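Work the whole structure out from these sequences, hints included.
Sequence positions in the sequence shown follow the working numbering and run 1319 to 1984.
Simulated from the structure, these hints should not be mistaken for lab results.
Incorrect hints may have been included.
Stated by the list, open to error - Just the calculated beta-carbon pair ranges, DEER-fashion:
{"hint": "1", "residue 1": "G1328", "residue 2": "P1609", "range": "24 to 32 Å"}
{"hint": "2", "residue 1": "Q1321", "residue 2": "R1397", "range": "17 to 25 Å"}
{"hint": "3", "residue 1": "Q1600", "residue 2": "D1457", "range": "48 to 56 Å"}
These numbers come from a predicted model, not from an experiment.
All C-beta atoms in this analysis are idealised placements derived from N, C-alpha and C, irrespective of residue type, glycine included.
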Amino acid sequence: MTQSVLSVKGLRVSFPTPDGRARAVQDVGFDLGRGETLGIVGESGSGKTVTALSIMGLVPRPGEIEAGSIELNGENLRRLGERRLRQVRGSEIGMIFQEPMTSLHPTLRVGFQIAEAIRAHDGVISREEVRARVESLLDRVGIPDARTRADEYPHTWSGGMLQRAMIAMAVANDPDVLIADEPTTALDVTIQAQVLEVLREMRTETGAALIIISHDLGVIAEMSDRIAVMYGGRIVETGTLEEVFSRPLHPYTAGLMASIPSLEGPVGSLPSIPGRPPDIAQLPSGCSFHPRCQLAQEVCASSVPDLGSRDGHGAACFFSDSVERPVQSSANVLVAQRERIPTPPLLEVDDLRVHYKERRRLFDRRARVARAVDGISLTVAEGETLGLVGESGCGKTTTARAILRLVEPTSGHVRFEGRDLCHTEGSDLRRLRRDIQAVFQDPFGSLNPRLTVRKIVASPLEIQGEMNRAEIRERVRDLLELVSLGQELEDRYPAALSGGQRQRVGIARALALEPAMLVLDEPLSALDVSIQAQILNLLRDLQDRLGLSYLLIAHDLAAVRHLANRVAVMYLGKIVESGFRDEVYSHPAHPYTKALLSAVPVPRPGARSDQIVLRGDLPEIGDRSVGCRFASRCYRAEARCLEAEPELQGEPHAFACFFPLAETVS
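Okay, here's the thing in structure tokens:
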């Protein structure tokens, strides 16, 4: 290994609780060489972010570093005074935080905030030199028209642009170490690919060592040289990227790998890690993972295993020789699903449009038209899942809300079981909504925090007024059992539940009125990968048992592949490609679909060789010039694409492109 620039040994961090102190980080240690990338992976609550904040000296009070050393270039950061520590932050260690919108001050211009980071560590630099450096940094991280955009406020930038601004700020003073805390969690796969490319370029240009924190093993596989897997505040496995991925020694690592949805291999139920991550205030005795481990024996509950090492590859497990990477189900479900697709369809959407008038200034009477949904048609059959995919801002959620009549369509028709939702009102609409329910993206924001689980699930039944109290109570218990939640959770509030449990409550509420169809709006995006697998498997099981139809809205194409029969790809209010899942995934016709698929991180070292990184962000949905909507970002665009808009053609595999990919049409 190269010379160590950062060395962490025996790190312990705790937070006070009513019963004492909870250790969020326990005996964590690692060395980081110059130019090396360490990937730290684990579920939410495993201690990843607290470890990063400890290195920066930013552990939030009343948290406290109890023990351990943190040495940067041989200097122990724990012994530094606050003044010297402020000098180290930003100049020698830079950090890219998880939420760029909350990390940047909303009332200060982006360029000013980057300039602050420069002036804080270089008091003699002139204003002109600072400005030139800010523009140079923004240009290096791929911000177009950096001179103009430096004077804009954070709220006018997209999530991907804000994350690139945070990278520019972090590398502004050429630090020796960069820490990226979940830098791509809230981003689409295309923007994620851009951000990871920028991180790689900055690492190469500056020569900085990089710590990248993520729960996405695909991101870790693309970026890392070595891996540290954390669980319950401890590192449970560490080694080189190739060693850990080819032969995981800890059952938790193997479980994480197996639970990742993939674009390759057979489609079936995903292996998942049972249960939920532990509460750091109530960690199990012995090995923290033993309540969820299939290999656990008595010794696991009484003793904490050491992080042993086999030529640098270590795992804190008594039975690491018995760990095998689970094999995903080989069931070919696509054929069975095709055979049961009936006609006529359950849901029919015909030329649906949702347009908004937007005024750019308070007293500006001139309004532009934002075409959020601009003439889409789709169908969903009984027992079928249609996956509607695309980047944030393409109109997926607006489509779902228009189908549910949560927003009013500008024009078009939505028919459910032959009845027109767009021209149904009052009690008739309320009765029709019983048969088509929604599961929303944010499992916490969509649940009333003042209601218990029992009350939340019972609400639809009480509104309909067709059951007495005893019948409702029995129905709630049946619903909770259906989504694999125990009766002991009935009296809990949403704040006392994990993300996966909250999403199960949302699903139970949606099933209360025995609908024929669920509209699933990004039901997995807020969940850890292991919990995602549990929810995916639950949705598959419910569909098989109840004959449900799903409209699944997502930007994660790998997850969609494991649930959908057919796929529709959406871009700027239009469907640009649709067809049976395997045909679209194996032979994409539209360049946008190809780019989406190539941007999905592959959880295997060296697997990505043909990635297409789209330049720029999704354009605004306001007034457009003529031509193909995707032409400004398309790597195959020609003059014709700027002059006319292609129509969606073909059946059953349809695409809207003048120059479709050759492998599809040959």
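Now for the hints, and whether the structure bears them out:
1. Between G1328 and P1609 the CB atoms are about 26 Å apart, so this pair conforms to the stated range of 24 to 32 Å.
2. Distance hint check: the CB atoms of Q1321 and R1397 are about 21 Å apart, consistent with the given range 17 to 25 Å.
3. The beta-carbon spacing between Q1600 and D1457, approximately 50 Å, falls within the hinted interval of 48 to 56 Å.
No hint from the list above goes unmet by this structure.
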